[in-house]
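Going line by line, the protein sequences match chains A and B. So the first sequence is numbered by our numbering: it starts at 1 and just counts up by one. So the second sequence is numbered by our numbering: it starts at 1001 and just counts up by one.
Hints are computed from structural coordinates only; laboratory data are not their basis. For clarity, every value in this text was computed on a predicted model and none was experimentally measured. None of the hints are false.
Sample of chain A residues at the chain B side, in silico, Cβ under 7 Å: (1) V217; (2) L220; (3) Q221; (4) V334; (5) W582.
The C-beta atom is built at its ideal place from N, Cα and C for all residues, glycine as well.
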Amino acid sequence: MHEDENNKLHSKSQTLSSDTTLESAITGGDIDYLPPQELPDQDLYHSHSWWTTYVFSQDAKYIGVQYALTAVGTGLIGLVLSWLMRLQLAFPGLGLLEPSAYYQFVTMHGMIMVVYLLTALFLGGFGNYLIPLMCGSRDMAFPYVNMLSYWSFVLAVVVLLASFFIPGGPTGAGWTLYPPQAITAGTPGYNGGIVLMLISLILFVIGFTMGGLNYIVTILQYRTRGMTLMRMPLTIWGIFTATVLAMFAFPALLVGCLMMTLDSLLGTSFFMPAMVSMGETLDYDGGSPILFQHLFWFFGHPEVYIVALPAFGIVSDLLSIHARKTIFGYRMMVWAIVGIGALSFFVWAHHMYVSGMNPWFGFFFATTTLIIAVPTAIKVYNWVLTLWKGNIQLTLPMLFSLAFIVTFLNGGLTGLFLGNVTVDVPLSDTYFVVAHFHMVMGIAPILVIFGAIYHWFPLITGNYLHEGMGKFHFWITFIGSYAIYFPMHYQGFVGVPRRYFEIYDSPYIETSTIGLNIFITIAALVVGFAQLVFLYNIILSARAGKPSPKNPWKANSLEWLTPNMPPEHGNFGKELPKVYRWAYDFSVPGAKEDYIPQTTPPSAVVNAKVEQS
Amino acid sequence: MTEERKTFFKSIFEKPWEQAQSLKDNDHDGKLLSISGSRLGLKTIMAVSSVIFSLFVVAYSDRMMAHDWIKMPEPWLLWINTAILILNSFYFHKAKIAADKIDYSQVKKNLFIVGFLGYSFLIGQLIVWYQLMKLDYFAGSNVANAFFYMFTALHGLHLLGGLFFWGKTTSSLFKENYKILKLQHRIELCAIYWHFLLAVWFVLFGLMLFT
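The task is simple: from the sequences and hints, build the whole structure.
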C-alpha cells in the first residue's frame, strides 16, 4: 500500500467514533443501530396444492426459472433453424431447403432469438429470479400478476410455434415483418403464419407489460431498509432501465401489430398502399408502409438495449466479483445505463437509411447514433479499469465476461460504420450487417447469459456447474463464434447479399465466399454442439453436481446472503436483511476478508478503510 | 423516515461510498416514493396506455394526409355516450368522497350507479357500431372508419378492465370483514383510472371530431 493511497483512504468506522455530531445522530452510540422496519411485510401467497406449487407458482424465483426454461427451449428451436439455414447456404446443391422454407426459417430464427429468447430470458428469467433477492424483498409486488405474465408468455410461444403446423406454414416476411409484402401473396405464410405471428407478439407484449409492472414497482418500492437506489447492484440497474424502455417501446410494436392484423383480416388499409399483386388490383388504397417501419423500429431499436442493458448490468457485477475489485465509476455506470436508455429512443430511423428518407433526416439519426457511442464507450472503459490491478480469478463467469467485452467492442465498432448513412447504404443489404448485429446483440449478450448462468447456478440449484465441460463450452463458443462472424464481415465487404437462400454462380461474387460459406457452416455446427454439451452439463450438474458452499464466489449482494441456499419461499427467513453498504466493497484494506457483504454492519469491520473520493 | 424523499434524478447523484451519505442511506426505508405499490402500479399502467394511445394518434395524423381519407360522420349517440362517461367519472368521484367519510350506503349506491353507467356506455358504443355498419361504414371501406372502430374497441377494452376491478371492489363491500383503509384505497385507484379513461376519450373523440 502506497503512502498517498493510504491518505486517500479513510476509515469509515474510525471517523464515525471521532465525529460527535454524527454519533449523536445514532441512538445510544451503537453504530449498528437502525430503527425497525415500519413497512408491513408483504402478503405472501402460500401454495397449498401441487398445481399451485409447481405449475401455477406465484413465487418469483420459480417463475424466473420457468421463464428461463421456456425461453431456452424456444431458443433451441431457433438454434436448429440456424443450422438448417447454414447447411443450405454452404451446400446449396443438396437442395435441403425450398426458398420459401429458407425465408420462414430466417424470420422465425430472428424473432425467436430477439424476443422470445433474449428478452424473455433477461427480463423474465433473470429479472424474476434476481430482483426480489437482490433488492431484499420477499417477492414481487404483485405475485398473481407475475404468474399471469409467465402464462401469457407461454401462450405467445405456443401460438408462435403453432404457425409451423398450419397450411402455408409460418410467415417468411423477415423478422421485421414489413408490409405490404408480409401480407401479400407470394410471401410464405402471408395469410395464416403472419396472423399467428402478430397475435403471438400481441400476447407477448401483454404478458411482458404485466411482468414489467412487477419489476418496476418492486425495484422502486419494495427494497429492504438501507437499500437506496445507489446501493443497488448494477444488475438491478440494468434490468430496471431495460424494463422502463420495454414499457415505452413495446406499445409501438403492439400498435403496429394490431393495425397489421386488421389490414390482414378485415382488409383495412393502415399500411397497405394501392397495389397490383399477381396481375390483380388489390382492394387496398393509400396505406403507408413507411409508417409501419417507423413504428417497428421505434420498438426495434430500444429492443436492442432492452437486451443489452441487463447484459451490461450483469457483466459489471460479474467482473467486479471475479476480479475482487470495486466496480470502477459506479455512478458513471448508472448514468451511462440511464443515458443509453434515454438516447435509444432517438436513433430508430438509422435502421431505415435505405427506405428513401430525406437525407437530412438520416443525418440527424446518424448524429444521435454516434452520440450513443459515448456512454457506451464509458462503460467499456470502466469495465477495463475495473480489471486493472484487480485480483482476477479466471473462473468461468470471468472468462465469459472478458469474452463479452471483446465481442461487444467488436460489434460496437462495426456499428460505427453502419451508423453513417454513406457507409450504410452500400453495406446495408450485405452480410456485413448480419455479422454486426449477431456480434453486438447475439453473441455478446449470450456470452453474458452463459457467464450469469455459471455464476448463479449454485444459488439456484446448490451445485456448481462442471468446470471441465464449462471450459470446453467457453472456448468452443468464444472462438467458434468468431470463426462464424469474422468471415461474414469480409463477405459483406465483397458484396455478398444477405437474405438470399442461394448464391448462384454470379460473376460478381468472389469464389472465396463459397469456401467461406462451408467454413462458417462447419463452425456453426461445432458451436451448436458445444451448446448441447452445456445443456448436458446443466442437467447433470443440477442432479449430481459438485455441491457448492454458501456464497461460493464470496459476493456481497443480498441474493447470496439468504438463510438457505437455494433460497426458500419468502427469501429471507423471519427478518428482512438490513443493508449498510453498496455491493462493491471488495478487497478493502484493513478488512479481514477481501469482501464485505452488504449486510455487514459497520461495527464488524472497524478497521476497514473504505475509500472516499 | 422523516426526511424528504428525493426524486429519482436527484438520488442518482448520491455518492453511496461517502460516510455522511452512508449514514443517511442506512436509515432509508427502501422506497423511492411515498405512495403505495398499487398506486405506482396504476400509474405505470396509465403511462403505458398513454404511450399506446399517443402512438395511435401519431399514426392517425400520419395516415390522415393520404388522398383516400374520407371523414366519418359522428352519430349523435356518441354525444350521449360521452355524457354518460362524464357522469360515470362524476359518480366515481362521489363514491370516493363517500368512502373517505366512511358512509357505506352512499358508497354502495354510487358504486352501483358507476357500474350501471359503465355498462351503459359500452352498450351505447356497440349501438353506435351497429348504426354505422347499417349505413355501410365498414372498417375495410375507409381507413378513417377503421381508426374509429379500433379506437372505440381499445377504449372499451380498457373500460372493461376497469369494470373488472370495479366488480372486485364492489363485491368486497358485501363481505363480512373488509378493511376500510384498503377499500378506500381501492376506490380511489379505480376512480383515478376512470378519470384517466375519460381524458383518453376526450382526446380520441376530439381527434375524430375535429379532423
